[in-house]
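Using the hints, position chain A against chain G.
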Amino acid sequence: MADLVYKFLIGEEKVYPGALSCRGCGWALLVRHIASILGENTVYVVPASCYSIIAGPYGYNHVKGSTVHTVFAAAPATATGVRAALDRQGNKDANVVVLAGDGGTFDIGLQSLSGAASRGERIIYVCNNNGAYMNTGIQTSTATPYGAVTTTNPNPSYKKTWPKDLMGIVSSHNIPYAATCSLAFIQDFRRKVERAKNADGFSFLMIDGPCPPGHKTDPSQSISIARLAVETKLFPLFEVEHHRVKINYYPKKEIPVEECLKLQGRFRHLFKENATDALKTIQEQVDSNWKRLVKLEEISYQF
Amino acid sequence: MTDVKNMENAVEFKRHNPKILKGNFAAAEAAKLCKAGFIPAYPITPQTTIVEELSRKVATGEMDATYVNMDSEHSVFAAAMGAAMAGERVFTATSGQGLFYAHEVLHAIAHFRLPMVVCNVGRPSIPWNIWADQTDSLAQRDTGWIQIYTETSQEVLDTIIQGYIITETLDIPVMVVLDAFYLSHTSENVWVPEQSLVDEFLPPKQKKGVEIDGYHPKAIGGLIPPEEYETFEYAWWKDALKVEDLVNTVGKQFGEKFGRNYQAVEAININEKTEMVFVTTSTITTTVRGILNLHPEIGILKIRLMKPFPKKSVLEALKPLSDNALIVNIERNFLGGKEGALMQEMKRALYGERYFKMYDIYAGMGGKDVSPITIENMIDKVRSNPDEIIWIDFE
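Residue numbers (our numbering), protein chains in the order written: chain G, 4 to 306; chain A, 83 to 477.
Please keep in mind that the hints were generated in silico from the structure rather than gathered at the bench. Here the structure is a predicted model, which means the values were calculated and not measured. Warning: the hint list may mix true and false statements.
Claimed, not checked - In silico EDC-like cross-links for lysine to aspartate or glutamate, where the CA-CA straight-line distance does not exceed 16 angstroms:
| no. | chain 1 | residue 1 | chain 2 | residue 2 |
| --- | --- | --- | --- | --- |
| 1 | G | Lys67 | A | Asp295 |
| 2 | A | Lys429 | A | Glu458 |
| 3 | A | Lys300 | G | Glu43 |
| 4 | A | Lys439 | A | Asp405 |
| 5 | G | Lys95 | A | Asp295 |
| 6 | G | Lys249 | G | Glu301 |
| 7 | A | Lys394 | A | Glu348 |
| 8 | A | Lys463 | A | Glu477 |
| 9 | G | Lys167 | G | Asp110 |
To be verified - For the chain G half of the interface with chain A, some residues (derived, Cβ under 7 angstroms), not all of them:
| no. | residue |
| --- | --- |
| 10 | His36 |
| 11 | Ser39 |
| 12 | Gly42 |
| 13 | Glu43 |
| 14 | Gly68 |
| 15 | Val71 |
| 16 | His72 |
| 17 | Ala77 |
| 18 | Ala80 |
| 19 | Val85 |
| 20 | Ala88 |
| 21 | Asn94 |
| 22 | Ala97 |
| 23 | Gly118 |
Just so you know, even glycine gets a beta-carbon here, dropped at the ideal spot from N, CA and C.
Okay, chain G solo, but in the shape it has when bound (with noise of 0.2 angstroms):
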């Protein structure tokens, strides 16, 4: 018996019952295990984004641990000073973690964003980007990717401009430790929520957001679809140390982004036979940043 409890996952779950998350959302499952490693001595910062709703509204809190609630441009500040306050009053074990969604790390809160990784606060800073603002119905983000529709690029006007690096951008504040993260490969996001907890400063996780009403997918496949975005190289796995490049994960084979992009109903109108110029460039666009990113693991270590 204590075999089987040992080889579950999550030994102690540190969430409550009944998020109100959508079916099939990345949402819960993803705090669910943040939480499970973060423990109870943790503040969760939220600006607005559909965790502001999951976490629970008034009178309810979805973790076993502390929910603070801030305006949407900010939480980075909000998180500063809630650990500057934990800090001067001893509870320097105490984790500050923010949980934001794509608009409110790529877009509006990206200036509190780079204030925080520049003056090198100990917050862990979680974006869960699910390429676009979901929570308000779908509107396109800076986040969502070329060729997508939201209700902002109705098709035939699907966005036509790729997604801002903010791996890149992140990673350029020359901070302790940055990753992506899928919840596919389960194991591999938890060690980094780990690296995360440990690191010296300012970390940064990226997950790749399963949404089945902004991705028009099939809540069950979620997770699968998930695992096609890493092995398509739509969304590699790699994690950045300072300026060092490592990619946790080579896909074993050559899949094409149509295999991911067929299954999500934001990207139907490119596999209409006028539209195939839209998968071509996703593909090119898809290798010449993978390529990029070997480039960059290679050089990572030569100095």
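Leaving out everything else, chain A in the frame of chain G:
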């Protein structure tokens, strides 16, 4: 309010040290005396020397606080919010555009019922102007902060100390407002109380059990449904009604301890013979005080507590006044409407209680000097039966 006579006669306040301080340095000195533990900061003229001085005090170990250079005023106030949620005594300062930029967070801090004292050194908005003007803070009247306007460096220092008692009693944030340059950058004699005297008046920050500490999990600020939202506003409203009395009580207690009395308003030469009362805030009050020896028929109603507006104190101060007296509001603010802030507030306070012929004078915006001659011009202008709204010394 500095008792000028006391200064000239060098009447000593016990357990105080006399210093020559600019308004901004008096503010920094007060933050230190109050043992503020967390100071997020961002530079903006003309408050910058407040946070510079605080950074120096912290860097040299003169003050035990965590000082953080933030990335914007929006982040300054968001950080102040986080530290206050975790129970720290928080201080910071800003001006003009900085305060406008932080507007969203001002609402959040007040709605979270977080105690803190913040200085605003007033200046207007675009086109660029860095000089004295109260438009910035008066435009924040509806964010739910208590606002107290100061006249001298001594009053800045004393008001910050009182501000922490007020804010930590009611859990409503306090904004202490200074005039740019006329106060922020002008040196004056200031009696600086000894630390032990301040400690006896202002105890260390007490936790109330609602703070984030890491050991007792709790959630702050989750979504509140329509059925419950009003209960928070109602509780806040009940406390907002206590502000005026509390400001008067704390001002009186401060007087007993430190020898300098303060009230929500100050009535000067208001009696049954007073023909004209200037309603003033901040440093313009000092200028009007200066002409009273030439004009025994003039009185002053200095508004110290601006928000929530101290209706009871105003009515009490004007009680001796005859119904024929004129009320003249001096406005160093422009809020995009017909009337300035003082006229709006005075009319609201007097409605249904007393009726006086009332004038509103726009003066000194963007730092323009309001000299004794300007005050004389105001008296002449009002006596010549002008329109209700006057722009003085304006061509």
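Evaluation of the provided hints:
{"no.": "1", "hint": "G/Lys67 / A/Asp295", "result": "holds (13 angstroms)"}
{"no.": "2", "hint": "A/Lys429 / A/Glu458", "result": "violated (24 angstroms)"}
{"no.": "3", "hint": "A/Lys300 / G/Glu43", "result": "holds (10 angstroms)"}
{"no.": "4", "hint": "A/Lys439 / A/Asp405", "result": "holds (9 angstroms)"}
{"no.": "5", "hint": "G/Lys95 / A/Asp295", "result": "holds (11 angstroms)"}
{"no.": "6", "hint": "G/Lys249 / G/Glu301", "result": "holds (9 angstroms)"}
{"no.": "7", "hint": "A/Lys394 / A/Glu348", "result": "holds (13 angstroms)"}
{"no.": "8", "hint": "A/Lys463 / A/Glu477", "result": "holds (14 angstroms)"}
{"no.": "9", "hint": "G/Lys167 / G/Asp110", "result": "holds (10 angstroms)"}
{"no.": "10", "hint": "His36", "result": "violated (18 angstroms)"}
{"no.": "11", "hint": "Ser39", "result": "violated (15 angstroms)"}
{"no.": "12", "hint": "Gly42", "result": "violated (10 angstroms)"}
{"no.": "13", "hint": "Glu43", "result": "holds (6 angstroms)"}
{"no.": "14", "hint": "Gly68", "result": "holds (5 angstroms)"}
{"no.": "15", "hint": "Val71", "result": "holds (5 angstroms)"}
{"no.": "16", "hint": "His72", "result": "holds (3 angstroms)"}
{"no.": "17", "hint": "Ala77", "result": "holds (3 angstroms)"}
{"no.": "18", "hint": "Ala80", "result": "holds (4 angstroms)"}
{"no.": "19", "hint": "Val85", "result": "holds (4 angstroms)"}
{"no.": "20", "hint": "Ala88", "result": "holds (3 angstroms)"}
{"no.": "21", "hint": "Asn94", "result": "holds (5 angstroms)"}
{"no.": "22", "hint": "Ala97", "result": "holds (4 angstroms)"}
{"no.": "23", "hint": "Gly118", "result": "holds (3 angstroms)"}
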